[in-house]
Amino acid sequence: MLSLITFLPLLGALVLLFVPGDRIGLLRKVALATTLAVAALGLTVWFQFDGTRAAAQMLVEKSWFTIPGSTIDVGYTLGIDGISLLMVALTALLMPIVILSTYDHIGKRVKEFMVWMLVMETGMLGVFLSLDLVLFYVFWEVSLIPLYFIVGVWGGERRLYATIKFFLYTFGGSLVMLVGVLYLVYNLGTSNVPAIVQQVPSLDFDTQTLLFFAFALAFAIKVPVLPFHTWLADAHTEAPTSGSVLLAGVLLKMGTYGLLRFGIEIFPAVSVHYAWLFMALGAIGIVYGAFLAMAQSDLKRLIACSSVSHLGFVVLGLFALNESGLRGSVLQMVNHGISTGLLFLLVGMIYERRHTRQIDQFGGLAASMPVFALCFVVAVLSSVGLPGLNGFVGEYMILLGAFLADPLWGVIGVSGVVFGAVYLLSATRRVLFGPITHPENRHLGDATGRELAMLVPMLVFTVWIGLQPSAFLGPVTASLDALQLRIDGAKDARTAQAERTPAIRGERAALVPAGGPQ
Amino acid sequence: MNASTFLGTLAAQLPADPRAPALTAATPMAKSDDLAHMFESAFQDGQWLVAAGPMIALAVGALLLLVADIARPLRAMRPLFFLAGIGVSAALLFGQFSNEPGLVLEGTLLANRTTALWGIVFLLSTLLAWIYSLGYYRGEESKLSGEHDFLMLVTPIGMMLMVGAQDLLIFFLGLELLSIPLYALAAFQRGRSASIEAGIKYFLLGTFATGLLLYGTSLLYVGEGTLSIAELTRMPPTSAISLFGVALIASSVFFKVSVFPFHLWVPDVYQGAPTPVTALMATGTKAAAFGFLISAALLLPAQSATLVAVIALLTILVGNLGALMQEDLKRMLAYSGVAHAGTLLLVVGGLLASDSPDATANATNAALFYMGAYVFGATGAFGILALLENDGARFTRLASLRGLARSRPGAAAALALFMLSLGGIPATGGFFGKWFVFSILIEADMIGIAIAGALLSVVALAYYLRVIIALYMQPAPEGELPPRTVRPLSAGVATLVCVAGTLLMGIMPSVVTRFLP
Amino acid sequence: MLVLAAVLFGLGVLGFLLRRNVIVVLASVELLLNAANLSFLAGARMHSTPDNLNLLGPVFAVFVILVAAAEAAIGLAIVIALYRLKQTVHLDQLAELKG
Amino acid sequence: MAEFLFYTMSIAAVLFGIGVIAAKQPLMSVLSLLGSFVCLGVIYLLAQFQFMAAAQILVYAGAIMVLFLFVVMLLDLANPELLKEVPLKILGPGKVAVAVAVAGGLALTSILSTRGTPAVGSEPSVPVQSGAFDPVDEIAAVIFTRYILAFEAAGLLLVATMVGVMVLAKRQRDPIERGG
Amino acid sequence: MAHLAVLSSPSPLATEMDLLWLLPLLPLFGAAICGALYLVTLRQRARLAPSQAAHGHPADGHGGSAGGHGGSADGHGDGGAPEDSHQGPGRYAGFVACGAVAGTLVVALFGFAQLMGLDAHDRLLESGTWKWIQAGDVTIDVAMRLDPLSSILALVISGVGLLIHVYSTGYMKKDPGYAKYFAFLNLFVAAMFVLVLSSNLIGLFVGWEGVGLCSYLLIGFWYKQGWPAEAGQKAFVVNRIGDACFLVGSFILVSLIGTLDLAEIGAAVQGLLSDETARGKLVAAALLLFGGACGKSAQLPLFTWLPDAMAGPTPVSALIHAATMVTAGIYLVVRLNPLFAFSETVLLTIGIVGAATAFVGATSALVQRDIKKVLAYSTVSQLGFMFLALSVGAWYSAVFHLVTHAFFKGLLFLGAGSVIHGMHHEQDMHKMGGLRKHMPTTFKTFVAGSAALAGLPLMSGYFSKDEILAYTFGMGSEFNSVWLVLWGVGVVTAMLTAFYTWRMVALTFFGTERFDVAKVHPHESPKSMTLPLIALAVASVFGGLLGIPGLIAGMHGIKNWLHPILEGGEALFERTFSRMPGVDHGAEAVLLLVGAAIGVVFSLIGFRRFAAGPQPDQRFREGRPGLFGFLANAWRIDRAYHDGIVQPIKLLAFLVYEIVDQFVIDGAVNGCAALARGAAGRVRKMSDGSLKGYALWMGAGAVLLAFLGLILKHG
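Protein chains in written order, with the working numbering: chain A, 1 to 518; chain B, 519 to 1035; chain C, 1036 to 1134; chain D, 1135 to 1314; chain E, 1315 to 2029.
Quick caveat, the hints were computed from the structure, so don't treat them as lab data.
Honestly, I wouldn't trust all of these hints.
Stated by the list, open to error - Below are the SDA-like pairs computed for lysine to any residue, each with C-alpha atoms no more than 20 Å apart in a straight line:
(1) K62/A with T1031/B
(2) K1304/D with I1115/C
(3) K1999/E with V1232/D
(4) K1445/E with S297/A
Let the hints inform the model, and build the full structure from the sequences given.
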């Protein structure tokens, strides 16, 4: 089942290779059909998933190859637990929409584009489903290539700069992770993630720290966490709409997912020790991203910068390392995928109509495109974290978790709520409201049926998650609870240690309260 | 020619297979009393023929080819002889997997699964380079294809001798048997000044390196009184004179594998030489030299592990930087080859640092896999360049790749794949090559070196990506497309083989790894 | 003998590094090879006893002579090819390939 | 006597060596090389390497040198000015210094590293069974047993050389200049 | 509806009543239907649009005058022609919306009746629970709870809301966004119900931000002018600042109490007071929540959005920015009264903020020319009064004033709307005058509302305001003299209130007609608008009966009704101050009389000065230009924010982006690339084509290797 869902897109890509390149309609249909089939499979997985089990399920375990000169068996191991379930669902949901969105803006080299899209889907699903470190790494890097092409071939004016920067930046991080992967695999004698999770505590703390940071660097670049974020704005700005949607919707989640699965879950002790650092980066990232967004005149770039801010929330919540923080972050990954994806889609729509993304080129669009305006406002409100929509639930849980873990970063994070409203609403106003200053904007066509077909499902999820988050958090609960137990164990161990050597550790421990109020 | 006489000599040697009882005491000290005894001790039970079989097959093939070149009616059979030589040799090598002859000829030659695998790498490299050479040459050169093919077919013999050598003399002869044909091949396009220049540079520096090697070997001999690598590594030399000798030998080998600061010839020669020859040089020579380097690595003092690793890093750095802004593709690939040599040298560093009993075996595995992936990637890349050169334009310029994705989607896709493999992106063989190399470093606890190496390969990717950018992302130059020359089917097949190999090693590495010892 | 070998080796290197006439450079290489031969033979004498000769040195030297011949031949052939094409044997005029 | 002869020959060999690299005319270089070879041959003889001495004179001085001379004459006749060496000055003092340092460094290092090993060659002849350190029969025995493969390889090497030389030295009929 | 799957049974103490969900859901469905109607209308219009374009009909029709108010009712000209506005299915939106709100009124009355039927301490109706968020550390279950406090607010919302809905059907009749308007308005009602009925602080926050959203949408309803959209944004953002405080406050409560159930928070406060740290945190939480209330209820320092919010349609101002939403802050404090009762610091803060706001608002209202601005500043000021009441433990007084204020301020806004409607969207009082002849009903009802606002005796505002002042006086005289100062401020404010109220009446309805009679024909509004006016006028006049002081009638309806939910707060208050503040009947009588005198006297002064026309304004402006400008611009607070906060932040954002991000961080990234390129050039120079050079490197390398080898081996 999981193999099928992972490789079905690849199969679709292969089929596409045999479709003549000039039959654009057929190409699109095949691609769409493939992604829809994957979405259907995703739904099946969702319903088959047993939310009461913490461990990964629907395992596919085969031997892939044995590392020469050792007995280490690298497995082709797929499995899904609550956390990956959400990510898989997100991917499966977004892909058909993304494919639909390409109908407008991808007119040249459609075949290649669709092939890359489908390859990318396989890569992304693989990342979320792999339970083998090596396999994960392979998928992790494979998913870079399609985006490299998508930005590089179908991107905007500075696409080459953007795509190289994106690729090298993330690749550099990945390579450091590769060393970490190798170290783990060779020292623990297995590449199976659950096994590694069990065995890592046997390594000494300094080694764990180094490994943790080797992993965290790669993920931090991908997320992106604060000082590593500059590739994102460029990549987003230059990418075609569909690329941006995927980038924001899923690819960045690979970073946060990685932080959770391979950072926190594998190295709970280190995570507890350095939680303050990531909370700080996350919280500062929230505010910093908001400031960046305020300074933008390009709508797409603004949303890209807002991603920095929003992912700051996710990082903040993850490293709050308590129940609400983790849950909020997991949910917020989905939320960000939906709302920011939505925003990128919407920006793409007006870009197609006006071929500019400069905010001051718009204004008053609500008059000529009321339905569009409605969707835009909902998307913005979801991003801003309006209660009742999805963004709020995640943000609230994250901020609560962060506050409980360390009030300082929690409060700084809260300030992001204000700044978020400032730049997003300001952009909304300048695009949608006010008088129409550019005559070209007077006769822009409103959202078409196909565009609505892309937007409405996402809007539905926006509201659905906002009103009934438990439907989405339910399957995650068991997995997160198990993770929480490990984290709490690490915290307890640390507290015990701090008590033994108060002079050294006490200072830090005072800054980071070890537990919740209970 | 006197080829036939040689054939005769060889043929005469073939039945010399006295089923003599195996004798031990393979000492280099010749006992002057009993000649028969010497024969017995040397030839043992004929295992040496099994060991040398692949080489003999190649030699026979090569000589037959030469004969066919002279004898007009047989001309058409030249490719057949070439392929037969390779095929029989490969078959014999596969035979060695199950039946490892081990040390033969008084311990001067080793033939086991490892050397057989190396041999296969060499054959592959030769075969691919040869296929790409079909139709590459124009005018008068094309009339010399018999000679060309002969020289090409001789080189893998030298390579096999090098990796099998357990005696410095054998190594030296293998090296020469590899080098001298390559000198000639580099300058093969006599009508092209670049080719001549490449030939002369390669030759002069090569002989200089040979001089260093010989002098070093002689000093080592003065110091230790033996040429047997096994003995030398068993008790690593410590005297100053021996160490100096080792240093000179190392310099010479480093020259062959193009390690900083012995790499400077590489870009010039690779650029100037005919592209198929470049492919052979880049992959075959490097593989052979590394095969030897790893088996003889323990000649180097263990303390030099860090030194070697640092040299390796410098090599990677220099190679990558040299390639970074390169506009000439062959030159870029040459620098990239330097970087790859550096990466492989990391294996040697790791091997020296490791105290594991399996260190050599692991290092060999890593190097083998890496080299295998490199053979597919680099030969494929050079091969495609060779094909493109035939279109008449100056296709080795980076800019001339623009629009190729439109005019030749297949070639462009293959080239892009090779670039990704050379860059070590997963799902290509290059990734697992890199993986195994780094794992050697990890096992040797050289984490810092590993991270540095990893980061340096980011630079590498930058220029591989430039190729892809030119292929796919930049607009085609104005004007009509370059003329499409008819491609030999063989080149397509070779490219497909490279693509398949690259992908297979990247997706199912077990296909290859299970052959590793 | 070893000292002589070393001196000859040094001279060979010097010649190789300084001279630009290909033929002289080749001659310098021959010096290098001779230096090697000399020390091979010195080594052979050092490691031989009257009853037990170490023959590896002379054997190696024989092969060195053989290879030297081969190299000289191929080298001179390239020189001729070079001369035919560019009417020069000076290395300084070979800098088409660089960068 | 032997000692004196050894040193004389050594000095002569070195002087010839200097001649090789210092001569203005390539012809003189080659002739100096010849001289050097002959001196070495004498030294071999003194050191009781009769076979090697013979090989040195015959193969080296005979065959290889002739090859050299042949080429030199060929080219010299075609264009007498061509082979003239450029004065060292053009090289620039820096490069020369580095070159001297490198060469000297290599030589000095090897000389220094020989310390502690017996000075071979100058001592009087040693009585050995066969009267030489390189008895032909035993050398042959080693070559045809232990190094049989090397020997065969050497044969192939010569063939390859021959083919190579043929390819390279063949007269070009219609030079095609191609890019690269 | 009655039993949704997601709902679970209420807590045992409460009486179950799932019907309560209807309160938010009815208007929510109403909003959905209206929205759908709007979209359908849009589609139809879009189908017509091409033909219009073909006829050369300019898409953005009438450009509008400088003030932006054109000829049609909305005056903002939609893409389609205004005559279309009632052709689509959107015209049914009014019925739907009114129906939905009427339904809520029925439910609210029903619930109220149920509560009446219960014992005082059992007065709690609770619906099933909506299990919203399970975050592990805290679980957020939201139920709808109707208790005495929320029942009052529910009645106000549904009652006043219904009237305003009905009024809107007339006021917005010709607006092309008619259906959209009702969708938003219904959505607002729904959110407001969530706000007041939620059992959970975060559920309350849903409504809290929900009403903020509707406020944002409705302020910016006429978005084609730039400034309404800006005003809406400002309202949202300023509220967000308060909301951020609210969130942090809620976090503190979670960390202390572990739950956000409103009832449990109240109950838990007492238990925590013995712990000094917890007490400090509680103070912080209270102040932060109060900060949230300041945002929503437009108190200093966050009040600046409310005057700007007048950019929305006038009924919106009436409903949202006078009657309901802005009182959410009051509701919050009353709801969590124990949390705000135990600390003198908190109470004092609330009192000072309230009094200061009241004063600032009143002074600012003195010189406004825009009739809606006067009312807006007046609202700010009256809200300040309510907070003043909260600061002295007179929670029910605050609620009392809230209710009366909802009546009379709603009335005044609607009346102003009627005037504006009749005056073709003229809002400048200096250009009105003498309207009592043209708009008699509006005039009469407006006077009734003004009387209440000015605190003329026996009017509703009189009782509620004077009660507040009396308690403040009592607090000041008995416990802390700071409140005496506050009382003084309150009294002055009351004077000013009476003054500006009658200035407004005089300028609008009396004197000469200062508009171009030839062009503008003021007319009375239609029945749909005047009937609500009359209803509210009645309420304004007699609303005071709800809380007639004990002095007169010996009963206080609201006090008694609210008493059960205020016991917790009162207990804590008494713990802090030993007893509740109060004045004896004698003093109360004096204060009542003084209050009445103030109301009458200053009303007369105001009316007399301006009955003839706006000349006193001019004189004031010429005589004291500085002060006039200061007051007209609301003490220049908005300006200060703009210069001191908004601009610096913009500059900071610019600097962060250009310098930190682009130059430093991205510069470092690109610098790496540049470094590599530079080094690449050097490396390539090494390979300069010179054979000699290569050989030299090789030789040097060999020497180096040899030396290093020797060194490594032999130390």
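Structure-based check of all given hints:
1. K62/A with T1031/B: Between K62/A and T1031/B the Cα gap is close to 17 Å, so the pair holds against 20 Å.
2. K1304/D with I1115/C: holds, 9 Å
3. K1999/E with V1232/D: Holds: K1999/E and V1232/D sit about 18 Å apart, inside 20 Å.
4. K1445/E with S297/A: Since the Cα atoms of K1445/E and S297/A sit roughly 42 Å apart, the hinted pair is violated (cutoff 20 Å).
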